[in-house]
Amino acid sequence: MEIPYTVEPRPDTGLTSGKIGIWLFLASEVMLFGALFATYILLRVGAVEWPHGAHYLNIPLATLNTIFLISSSVTMVMAWYSLKTDAFGKFRLYLGATILFGFAFLVVKYFEYSAKFHHGYYPKTNTFLAIYFTMTGLHMLHVIGGMAVNAYLWGPGSKLWKTDKEHFANRVENSGLFWHFVDLVWIFLFPVLYLL
Amino acid sequence: MGTTHVTSPPHGHAAHAAHHEDLSFWRRYVFSTDHKVIGIQYAITALLFLFFGFTLMMLMRWQLAFPNQPIPLIGGLLGASRAPGGTMLPTFYNELGAMHGTIMVFLGIVPLAVGGFGNFVLPLQIGAPDMSFPRLNMASYWFFFLGGVTMLLSFFAPGGAAQSGWTSYSPLANIAPTGQTVWILGMIFLITSSLLGAINFITTTIQLRAKGLTFFRFPFFVWAQFVTAFLLLLAFPPLEAAAVLQLMDRVAGTSFFLPSGLVVSGQALAVSGGGNPLLWQHLFWFLAHPEVYVLILPAMGIVAEVIANNTRKPLWGYRPMVYSLIFLGFMSFVVWAHHMFMTGMGTTMAAFFQTTTMIISIPSVVILTSLIISLWGGSIRFNTPMLFALAFLPMFGIGGLTGLPLGLNITDIPLHDTYYVIAHFHYVVAPGTIFAMFAGVYYWYPKVTGRAMSERLGKLHFWPSFLFMNLIFMPMFFAGMAGLSRRLADGGASYLFSPEVLHYNKLSSFGAWGLALAQIPFIVNFFWSRKHGKPTEANAWHATTLEWSAAPSPPPHGNFAEPPVVYRGPYEYSVPGATKDYTPQNQGVVS
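Sequence order for the protein chains is F and A.
Under numbering that gives the first Met the number 0, the residue at position 45 of the first sequence is numbered 44, and the numbers go up by one with no gaps.
Under numbering that gives the first Met the number 0, the residue at position 134 of the second sequence is numbered 133, and the numbers go up by one with no gaps.
Where hints are given, some of them may not hold.
To be verified - Taking lysine to any residue and the SDA-like style, the derived pairs with C-alpha atoms no more than 20 Å apart in a straight line are:
1. Lys579/A to Gly376/A
2. Lys89/F to Thr12/F
3. Lys123/F to Gln266/A
4. Lys505/A to Phe65/A
5. Lys533/A to Pro520/A
6. Lys123/F to Gly252/A
7. Lys123/F to Ser271/A
8. Lys83/F to Ser72/F
9. Lys210/A to Glu7/F
10. Lys18/F to Lys83/F
11. Lys210/A to Trp160/F
12. Lys89/F to Trp160/F
13. Lys123/F to Leu268/A
14. Lys115/F to Gly52/F
15. Lys123/F to Leu278/A
16. Lys210/A to Thr12/F
17. Lys123/F to Ile174/A
18. Lys123/F to Phe65/A
What the hints assert, rightly or not - Partial list, computed: chain A residues near chain F (C-beta under 8 Å):
19. Ile70
20. Asp129
21. Leu194
22. Ile201
23. Ala240
24. Thr253
25. Gly274
26. Pro276
27. Trp527
Because the hints were derived from the structure by calculation, they are not lab data.
Note that this is a predicted model, so its numbers are computed, not measured.
Don't be surprised by glycine CBs; every beta carbon is placed ideally from N, CA and C.
Start from the sequences, fold in the hints, and give me the full structure.
Right under this line is the structure:
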């Protein structure tokens, strides 16, 4: 059975169902991270003393990670644009770069986490580290999720391009929306946890 | 957009109508992507959970009526860790209380109201061939199922199931046995399930409306589901965040909800401290107050459908009702702290939240009043769904009005920890929502099966249920106003002042067991009518909405032979000059 408006937009809303679905999902994600940022504020306001992020965390590494994620958002858009201009080879290149930037982010995060554990800094050490590990950990899960979807679209999922170009481009666009959101969360996490 | 535009036929019903015949048993009945099968799966699973949650409560009612006496018949089966010699331990009572609440709310009512009725009815009422994302829909059911299994397994965790109330307040929940961790994992499954469902419902409603079905031609039920889906979408994530934080507290040793210097059983807890127990309450109630409206809005939707159909006249005040619904949805996000007056919040905060709480009662009253006025001048058919829908009105009214003193700080404080609160919210949810659910089951059963449920058994179900529901909950108001505290494993027997009202416990308990007996006609009816009920025509109730007027009973895969086109509003009953007393939405010219 064919479900209408998966590929072509519904005329009166001007949107495909997938586009609405991904935006609704992002709305719920805003509420999820919003609750965590609210938690951060409440804990910090109520704390007797709150450590400066740099006391525990490595700002240069986080800056590098910020560059990785912003670059990956750019390549993500380029990947989608390549599809819209019918350049499948370029799409592969750009989406591959997006996945690699994500991977580089994870590698840096791995070194950051190991350094903390090495110094005996654990989530249970204090409330600052607790919220640091929880928020960056949850964000990392989102990075991994986004990479998994992108890897699927890069590999087996790209078969759809041969049969239904518009549908495939829509999927890449929706995956890109999620990826930009993950990037955006980091843009908030970086100053809040490392700099303030 | 559209440089590589590939068109596909927007509606491929006819070509695929016979397609489902090829599917295997598993794809057709178990891992189905058909919204109707998923709706039935949701409804039956939820009904089983409702019954299970009810069973937990019947055990509790024994302990409350006859404290510390062995439970007859089944007491010995519960095991020495729960009820040695058949006498219930207080920790087991706490497990039952926490799990009764969790199961009834998250595994019973919501999956039945949204997953069951929403899934089955909403696409049919808007003239859609299925949901927008059928595979997500299937995933939503199976996440719900996993969540349910996880919750059931938690009873076998070391130390038993969650026992810190369905609200899982920290720090109590932080130091509770392993069952609490399992509870959190179960909740994460359920939250995922409702998230997928909510996205699907909203997208489907916006995108798959039939031609001509504008928003103000929606049946009220569709509006109710639409607003409910937004509440689920936006309110559940904060609870997910809270669940993650509590999981970190329990597993990774963090102190999100543990203040510095916390002493448990005379010993200082070896944690870093610096957390805030009230943070849990804020995050929890930020979900759980909208959740209250998730419990009641679909019920109002069902009642509106049944009342319009059985009074044979349009709903009175359809538009104000819809505006009220939307307003309720918004307001439900800014009243949560009225559950927390007991925490000693400042008067400014309390003033804000009691004001918003008084404001939110207005749209509820508008909807209820509109439904009551809708009865005026109708030629009412007193069939079983209508009886349940009519009973909903005063029951919800009692539940709602008794909530007003709880919304005001000054009157809430003496009442909050008493049975009064239990009576109040059960009047809303048990004789309120559950009666609406029964109305829905009787009303849409002919659509699902092509056969009507027995009216005789239906009435045998309704009248005793109505009686016993009130016998359970009415005495609790009086016990609560006399000061009887809730959450006591002996029902207040150890309190010096409570002998005056202690016998009310027995009334409630006999009411509960009577209510269980009153469900036997329903269970018999439910299964018996499947094969032996009276066959009905496609439009069994002579209704105007699309699920009745445009689809056969039961609807095939893809629902409609031809995509329906809508020409009119949802409740054109008894239109002057028409030959019939109902004019379906998809009927072009009034004949």
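To see whether the hints hold, each was checked on the structure:
At most 20 Å may separate the alpha-carbon atoms for a hinted pair to count; Lys579/A and Gly376/A meet this at roughly 18 Å. Only pairs whose Cα atoms come within 20 Å are accepted, and Lys89/F paired with Thr12/F is rejected, the gap being roughly 32 Å. Our distance criterion of 20 Å between C-alpha atoms is met by Lys123/F and Gln266/A, whose separation comes to about 19 Å. Taken as a hint, the Lys505/A and Phe65/A pair is honoured in the structure, with Cα atoms around 8 Å apart against an allowance of 20 Å.
A C-alpha spacing of about 17 Å is found between Lys533/A and Pro520/A, which places the hinted pair at or below 20 Å, so the restraint holds. Only pairs whose Cα atoms come within 20 Å are accepted, and Lys123/F paired with Gly252/A is accepted, the gap being roughly 5 Å. Between Lys123/F and Ser271/A the alpha-carbon distance is near 7 Å, which keeps this suggested pair within the 20 Å criterion. Between Lys83/F and Ser72/F the CA atoms are separated by roughly 17 Å; this keeps the pair inside 20 Å, and the hint holds.
Among the hinted pairs, Lys210/A with Glu7/F is consistent with the structure: their alpha-carbon atoms are about 16 Å apart, no more than 20 Å. At roughly 16 Å between alpha-carbon atoms, Lys18/F and Lys83/F fall within 20 Å of each other, so this suggested pair holds. Simply put, Lys210/A and Trp160/F have alpha-carbon atoms about 31 Å apart, too far for the 20 Å limit, and the pair is violated. For the given pair, Lys89/F sits about 14 Å from Trp160/F by alpha-carbon distance, which is consistent with the 20 Å threshold.
Simply put, Lys123/F and Leu268/A have alpha-carbon atoms about 13 Å apart, close enough for the 20 Å limit, and the pair holds. Among the hinted pairs, Lys115/F with Gly52/F is consistent with the structure: their alpha-carbon atoms are about 13 Å apart, no more than 20 Å. Distance hint between Lys123/F and Leu278/A is fulfilled; the C-alpha atoms sit about 18 Å from each other, no more than 20 Å. A hinted pair counts as satisfied when its Cα atoms are at most 20 Å apart, and Lys210/A with Thr12/F qualifies at roughly 13 Å.
Distance restraint check for Lys123/F and Ile174/A: the Cα-Cα separation of roughly 15 Å lies within the 20 Å cut-off, and the hinted pair is therefore satisfied. Between Lys123/F and Phe65/A, the direct Cα distance comes to roughly 45 Å. Violation of the 20 Å bound is thereby established for this hinted pair. A distance limit of 8 Å between C-beta atoms decides the matter here; for Ile70/A the minimum to chain F is near 41 Å, and the interface restraint is violated. Among the interface hints, the one on Asp129/A holds; its C-beta lies about 6 Å from the nearest C-beta in chain F, closer than the 8 Å criterion.
Evaluation of the Leu194/A hint against chain F yields a held restraint, the C-beta minimum of about 6 Å falling below 8 Å. Contact between Ile201/A and chain F, as hinted, is supported at the beta carbon level, the nearest pair being about 6 Å apart and thus within 8 Å. For Ala240/A, the interface hint holds, the least distance from its beta-carbon to any beta-carbon of chain F being 4 Å, beneath 8 Å. This hint holds: Thr253/A has a C-beta 4 Å from the nearest C-beta of chain F, less than the 8 Å allowed.
Here the hint on Gly274/A is kept, as its CB sits about 6 Å from the closest CB of chain F, short of 8 Å. Annotation: Pro276/A was flagged as interfacial toward chain F, and the flag is violated, the nearest CB pair being 11 Å apart, outside 8 Å. Against a cut-off of 8 Å between C-beta atoms, the interface hint on Trp527/A is violated, since the closest Cβ of chain F lies about 33 Å away.
Checked against the numbered hints given earlier, the structure breaks hints 2, 11, 18, 19, 26 and 27 and satisfies all the rest.
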